[in-house]
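Here the protein sequences come in this chain order: A and B. Each residue of the first sequence is one higher than the one before, starting from 1 at the first, in my numbering. Each residue of the second sequence is one higher than the one before, starting from 1 at the first, in my numbering.
These aren't lab readings, by the way, just hints derived from the structure by calculation. Just so you know, even glycine gets a beta-carbon here, dropped at the ideal spot from N, CA and C. A hint or two may mislead.
As the list claims (entries may be wrong) - Cβ-Cβ distance ranges computed for the label pairs, FRET-style: (1) B/Glu193 with A/Val245: 52 to 62 angstroms; (2) B/Glu220 with A/Asp228: 51 to 61 angstroms; (3) B/Arg25 with A/Val245: 30 to 40 angstroms; (4) B/Asn145 with A/Asn270: 57 to 67 angstroms; (5) B/Gly12 with A/Asp214: 51 to 61 angstroms; (6) B/Lys151 with A/Asn71: 38 to 48 angstroms; (7) A/Ser42 with B/Asp194: 48 to 58 angstroms; (8) B/Asn176 with A/Pro196: 37 to 47 angstroms.
Unchecked claim - Result set (BS3-like, lysine-lysine): computed pairs, CA atoms no more than 30 angstroms apart in a straight line: (9) B/Lys121 with A/Lys84; (10) B/Lys148 with B/Lys121; (11) B/Lys121 with A/Lys108.
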Amino acid sequence: MKRKILLTLGLSVALFSTAVVNAQNIVACQGKMVCDQTGFLSNDQIRGLTEYHAALLERYDIDLKVVVATNVGDIGLKAAAMFKELGVGEKSSTRKGVLLLIDPAQDKVRMEIPAGLDAVYTDGFVTYLQQRQMVPFFSAGRVADGVLATTELIVGRAQKAAKNEEFIAPENLPTILAIGAGAQTKASISKGYLAPAGGPDVSGAGMSPQQVVDAYHQALAQGNASPDLSIYSRATKDLKRSWVVTPAQMKMELNTYQSCQVDKVSTAQNGQMAFVRYGVRQRQCAPYFLVKEDGEWKLDFSTMMQYIRFNVENKWHFDMSRVSPSVLSAFADWQFDKNGYPY
Amino acid sequence: MKFENKIEELLGTGKINPEQAAALRRSLQGGGASVEMNYHRGLSFGGMFGIAVIAIFAVIIIGGAMSPQSPQDVQNVAQTLNQPGGLGEMNKSMTTGLSILLLALPAIIWFSASYNGLVSKEENVLAAWAQVESNYQRRLDLIPNLVKTVKAYAEHEGSTFANIAKLREQADVLQNAGEKTRELAQGSVGKLEDESYMKNLSNAQQRVGENLKNFMMTVEAYPNLRSSDQFLELQGQIEGTENRINVARMAFNESVNDFNGAIRRMPGSLVSGLGNFHRKAYFKSDEGADKAVKVEF
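Whole structure, please, built from the sequences with the hints as guidance.
The structure is reproduced here in structure tokens:
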């Protein structure tokens with residue numbers, strides 16, 4: 001009898017403590033766009049994600065909250081409960097909220113999508129996002145980058161949905177938004193990055209800069225993620241070997257460029273560099289840089305990485321503090337504003 | 001009340017969406033009569049006014065009955081009118097009537113508010129059930145696609161499939177279980193008070209979930225199929241639907257708990273007795289009642 005009473009008391013205390021800890025966790029996360037209860041993300045990463053998500057909220061009215069918590073139990077039920085408790089979507093005037101819950105202890109991640117948005121971000125699409133974009137980064141131990149890379153695809157989908165008027169008007173949304181939509185997956189955090197399959201070599205011998213870019217797009221279409229293709233410059237090969245390449249990124253890049261037309265191919269540095277650029281209004285298609293090595297045109301992602309930046313809308317611009325005058329000279333017929341956006 | 005009106009009301013208040021309304025309508029085929037009998041509508045202002053008018057008449061009649069004189073008697077004006085230092089009979093009966101009215105009015109207001117509170121809790125149960133139904137419907141709608149995709153792949157890769165017969169067999173079992181459950185679920189919204197029906201339905205749904213889980217486990221043996229984007233999409237939808245079902249089941253059981261508690265507790269039990277509110281059944285299965293099937297790949 002005494003044992004039973006002690007057991008009941010012990011259980012009650014444990015349940016009460018869990019409830020108190022949960023309540024404290026919820027309070028600690030209130031109002032934050034990125035809430036890490038585990039110290040899993042660095043302060044810089046939290047700051048970077050928060051800034052990006054603030055821009056996402058301002059531009060697309062999507063309130064994307066990231067919570068890192070350990071041992072949350074059933075991550076599906078927890079995410080739905082947390083969505084409600086944290087008031088995800090309240091910062092959005094159209095009640096668009098997304099919750100990303102990462103549990104490193106259980107090695108699980110769940111993206112909770114509310115009613116209304118589930119027609120745009122279907123469960124199947126979210127599964128694709130997680131498995132084909134997020135998890136490869138997580139496997140490489142780059143959780144914050146994985147979240148950012150996933151957000152890029154969320155933005156891409158939001159842009160299409162806005163164009164096709166797929167979003168449901170807030171007055172037509174149900175009272176309870178957390179309906180358990182979205183997807184969860186094994187996060188595979190730091191389990192070792194497995195690069196997508198490579199493929200046969202692609203040579204650019206005798207090709208023009210534009211033909212090299214076309215050959216690169218064909219490699220993307222074939223899912224050829226090899227970092228050692230002959231169409232890459234030496235610096236690009238080195239860089240690509242350290243990159244996390246995901247099938248979703250490759251698909252997205254290809255889809256983006258398929259909707260853009262080449263505007264001009266120009267050269268600089270005495271014909272040693274070439275630039276395949278797209279219409280000035282096609283802001284999502286950044287120019288490709290090519291460099292001549294061993295008498296062949298090779299894609300130079302290394303220099304592109306130094307000079308080109310993308311904003312939250314996936315629009316490219318030059319980093320004016322870095323871009324060299326010789327590169328700018330190849331774009332002399334365009335103007336650039338102080339932030340490096342062409343017009 | 002007509003169930004269509006109820007659905008329109010739920011739609012209008014944003015408690016359900018058009019998809020769920022359609023699921024409710026489907027579910028009501030064959031179960032409409034009992035719905036009209038079992039579920040209530042909130043008292044409108046007019047309703048409350050009606051009750052108040054009836055109460056006032058009742059007070060007047062009671063007041064009249066309390067008068068010591070028969071209507072045929074010749075009225076003694078001296079007795080009826082107020083006298084110095086005292087009240088006449090007319091004012092005595094008026095005062096008694098007004099006192100009863102003053103006592104009855106708060107009771108009427110309290111009754112109406114409690115009744116409306118129970119109606120709104122019952123509506124929450126219905127809305128939560130609509131959510132459960134639409135998610136089960138969603139799962140049943142996905143099964144034919146899943147079976148089709150896997151069968152098409154099995155035919156394409158026939159020569160390399162060692163276990164193709166088992167896969168086909170499981171696909172058929174899954175589809176049959178789905179169809180049977182669809183039939184069982186017809187008219188379910190009218191049977192929310194029938195504990196054994198709800199348990200049977202929950203068991204049937206759980207069996208579909210288990211069949212689905214077994215089917216997916218067999219599919220796991222074929223990495224080419226698993227890694228295709230089309231299959232990934234289906235897998236995501238099925239797993240997502242299972243999670244939606246878990247969330248919706250939990251919300252339904254919470255709303256039932258809230259409603260059942262309200263009709264059993266005092267003073268709500270008084271109103272529920274007068275208003276003919278009945279306990280709703282929880283949506284739980286026989287085994288592992290609190291544990292829904294987890295489909296994880």
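Tested hints:
1. B/Glu193 with A/Val245: 52 to 62 angstroms: Since B/Glu193 and A/Val245 have Cβ atoms about 57 angstroms apart, the given range 52 to 62 angstroms holds.
2. B/Glu220 with A/Asp228: 51 to 61 angstroms: For A/Asp228 against B/Glu220, whose Cβ atoms are near 33 angstroms apart, the range 51 to 61 angstroms is violated.
3. B/Arg25 with A/Val245: 30 to 40 angstroms: 49 angstroms, violated
4. B/Asn145 with A/Asn270: 57 to 67 angstroms: 59 angstroms, holds
5. B/Gly12 with A/Asp214: 51 to 61 angstroms: 56 angstroms, holds
6. B/Lys151 with A/Asn71: 38 to 48 angstroms: Holds: the Cβ-Cβ distance is about 40 angstroms, inside 38 to 48 angstroms.
7. A/Ser42 with B/Asp194: 48 to 58 angstroms: With a Cβ separation near 56 angstroms, A/Ser42 and B/Asp194 satisfy 48 to 58 angstroms, so the hint holds.
8. B/Asn176 with A/Pro196: 37 to 47 angstroms: 39 angstroms, holds
9. B/Lys121 with A/Lys84: 20 angstroms, holds
10. B/Lys148 with B/Lys121: Distance ~42 angstroms between B/Lys148 and B/Lys121 Cα, so the pair is violated.
11. B/Lys121 with A/Lys108: Roughly 36 angstroms between the alpha carbons, so the hint for B/Lys121 and A/Lys108 is violated.
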